[in-house]
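Enquirer: Throw the hints in and build the complete structure from the sequences for me.
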Amino acid sequence: MTETKPIRNAADLFQRIHRLSGEAEWSESELRELLLQEGIDPSSLLESVRTSVRTLLRESPYYWRNRAAALRSKLKSRVFAAQRRQTQKLSRKEILDNIKTTLARMPPDLTQEFSVEHRNFEACSDEDLESILLELDCIENLDAPNANE
Amino acid sequence: MESVRKAMAEQRAEDLILALGITDPNDIDVEDIAMNQGALVLEGGLTGAEARLTASPKLSFIRINSGIREVGRKRFGVAHEIGHLVLHKERSPLEICTHNDIVLFHSSNEKEIEANSFAAGLLMPGRMFEPPCRSSSPSLDLVGQLAAKFQVTATASCTRYIEFCPHRCCMVISTRGKIRYHRRTADFGYFLQPSGDVRPMSYASELFAGESIPSGMRSVPAEAWIEGTSIASSKRILEHSVSMPSYESVLSLLWIDQDIDRKVTGEDEGDTEEEVSNARWSWSRDRREER
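Going down the list, the sequences are from chains B and E. Heads up: the first sequence begins at 1 in this note's numbering, then just goes up one per residue. Heads up: the second sequence begins at 1 in this note's numbering, then just goes up one per residue.
These are calculated hints, taken from the structure and not from any lab test.
Using 30 Å as the maximum straight-line C-alpha spacing, the simulated BS3-like pairs for lysine-lysine come out as follows:
#1 E:Lys89 / B:Lys74
#2 B:Lys93 / E:Lys58
#3 B:Lys76 / B:Lys93
#4 B:Lys76 / E:Lys111
#5 E:Lys58 / B:Lys74
#6 E:Lys89 / E:Lys111
#7 E:Lys149 / E:Lys111
#8 E:Lys111 / B:Lys100
#9 E:Lys58 / B:Lys100
Expert: Rendered as structure tokens:
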């Protein structure tokens, strides 16, 4: 009868798995049985690894959701700052002129994306046009030196 | 061809969900997903439309009309605009979607339909949404539970439900007493008259009349909703209707739970017009007795 040595840490555990899998070509059921004989429950191990990976992912700043949340927060504060700067109430004509001026200042690859020829553009309310102007302003200033402020 | 494009749009959404490692409906956060795709979601600053996408290579904006109250409708609006962002690279630069574009059953523009299919796939991925549809009997209670779980509107949930429902079912939206839209499972087998009046024999008509009705699936004559020479006149189907007062509408789920199709030598083949009207009269009497 094989005497099962206690597993002291993760390195110990993985060394044992490595040793077992390196000894021969095992079928999945054979490996599962052998792991059980060695005192390792494959299902618990798998669940524990999955849980650890999930935890590490959720805590990682590189996890897409964490990156998205951080970027959203940063961009929203920038949009609200730009909104606060738009204190002067502009007429519809002035808003439209500003949109056109902003578009004219932008590099061609960006202006292509902001043609004012839109099916509903003339039907936009003043509020709609103001928010478009705000968005253009934010996009234009994304790469500005003080953009991180 | 349209169904292929819709299926492809839906698949793109499901692929995105898979790539992001989302396995639980609670984790479908549309703002995070939009940001992952380069779009910041903002509420307000938009009155002339339901939602707007301002797309740029650097950063895109999705704006949602702040007048929308329901979370499900907001989420669908955002998901719809993500659809434009992902699917329509050669888009007109400013995408402004009206209410009709975003409501699932109204769209006529090809791109809007694709964006709606994308939104349905993103918010209600098939591999999460389909199993409960297959394991339960049809009812609007189930549709409501799914709507709550996936944080979508009852209409969106019901539309998606019809795609996966293994029974002969049809969802119907009626507004101010008229059938506005219906969507059927592939084997439902009958059409409903578009823009037709909701018939007095249905529970939906009672809701329009301001009456309260018993909850759950209830038996009604098949002819309360469907017609055709192949229906045996005495046959019945099941109806579950709920009122949507904010929209002056009623959502109905119909279920053909038994064989109602007239056989060539069927029992009702010899029905006369008089017998058919008697059947209607009997039905009214039965309904009174039921209460």
